[in-house]
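Using this note's numbering, the first residue of the sequence shown is number 9, and each one after it goes up by one.
Bear in mind the hints are in silico, worked out from the structure with no lab data behind them.
One thing to keep in mind: the hints can contain errors.
[What the hints assert, rightly or not] Distance ranges between label pairs, derived from CB positions:
id, residue 1, residue 2, range
1, A86, A21, 28 to 34 Å
2, T25, A141, 37 to 43 Å
3, G199, H47, 18 to 24 Å
4, A159, V190, 49 to 55 Å
5, T25, A52, 17 to 23 Å
6, D143, A60, 21 to 27 Å
7, L139, H167, 32 to 38 Å
For glycine and all other residues, C-beta sits at the position ideal for the given N, C-alpha and C.
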Amino acid sequence: MRGVDHASGRWTAARWTAAVTGFAGHVLRGHGQVMFLPHAAAGAVFVAALFAGGWEFGTYGLGGAAVGTAAARLLGVARDRVEAGAEGFNSCLFALSCAVFLGPERISTALFACLGAVVVTVVTAAVVRLLRAWDLPALTLPYCLPATGTALAAPAFAHVWPSAPSPAVLPAAATGAGAAPVELVRGFFAGVAQVFFL
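Please take these sequences and the hints and turn them into a complete structure.
Okay, here's the thing in structure tokens:
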């Protein structure tokens with residue numbers, strides 16, 4: 009096997025490099041899968057967009073996808089699902105939702121997002137198995153279930169729920185009689201960005 013020192017059985021630098029770049033590709037495909045694009049290049053564009061929205065969001069999205077992908081590999085999820093990014097996008101979305109609703113600057117949020125990314129991986133396996141009977145895809149249901157539970161339960165925990173208003177809550181009621189054409193165009197693109205909570 010190329011990249012392995014056969015005398016000692018240890019991995020060489022080339023083997024480690026191949027493993028890391030392969031894992032990075034799986035993580036980026038997970039980002040792309042959020043918009044049904046299982047390509048590392050699409051995922052890289054989405055990662056760049058998250059970092060453009062704020063380094064915190066880029067970090068949470070990338071970290072969530074990486075933790076979910078790694079958990080799937082360690083738990084023995086089918087290799088083709090991991091390689092296609094199908095195990096990274098729900099954990100990416102969960103980590104992002106934690107950053108938005110719980111505040112990205114808090115240590116408790118980062119820990120909760122990491123733990124939740126692993127839980128989402130287990131929930132994904134359960135949902136995929138359950139929906140297989142009807143030949144239905146899991147899509148984002150494995151993210152929606154824990155994210156909804158988190159949003160409902162978090163206010164009960166003082167160390168998890170931020171004391172300041174959540175950025176996901178409008179500061180005041182919307183006003184105005186109608187939307188101008190330029191606002192409709194802006195609203196369309198803002199709607200696409202909302203997939204990533206930006």
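Hint by hint, here is what the structure shows:
no.	hint	verdict
1	A86 / A21: 28 to 34 Å	holds (29 Å)
2	T25 / A141: 37 to 43 Å	holds (41 Å)
3	G199 / H47: 18 to 24 Å	holds (23 Å)
4	A159 / V190: 49 to 55 Å	violated (33 Å)
5	T25 / A52: 17 to 23 Å	holds (18 Å)
6	D143 / A60: 21 to 27 Å	violated (38 Å)
7	L139 / H167: 32 to 38 Å	holds (35 Å)
Comparing the model with each numbered hint stated earlier shows that hints 4, 6 do not hold.
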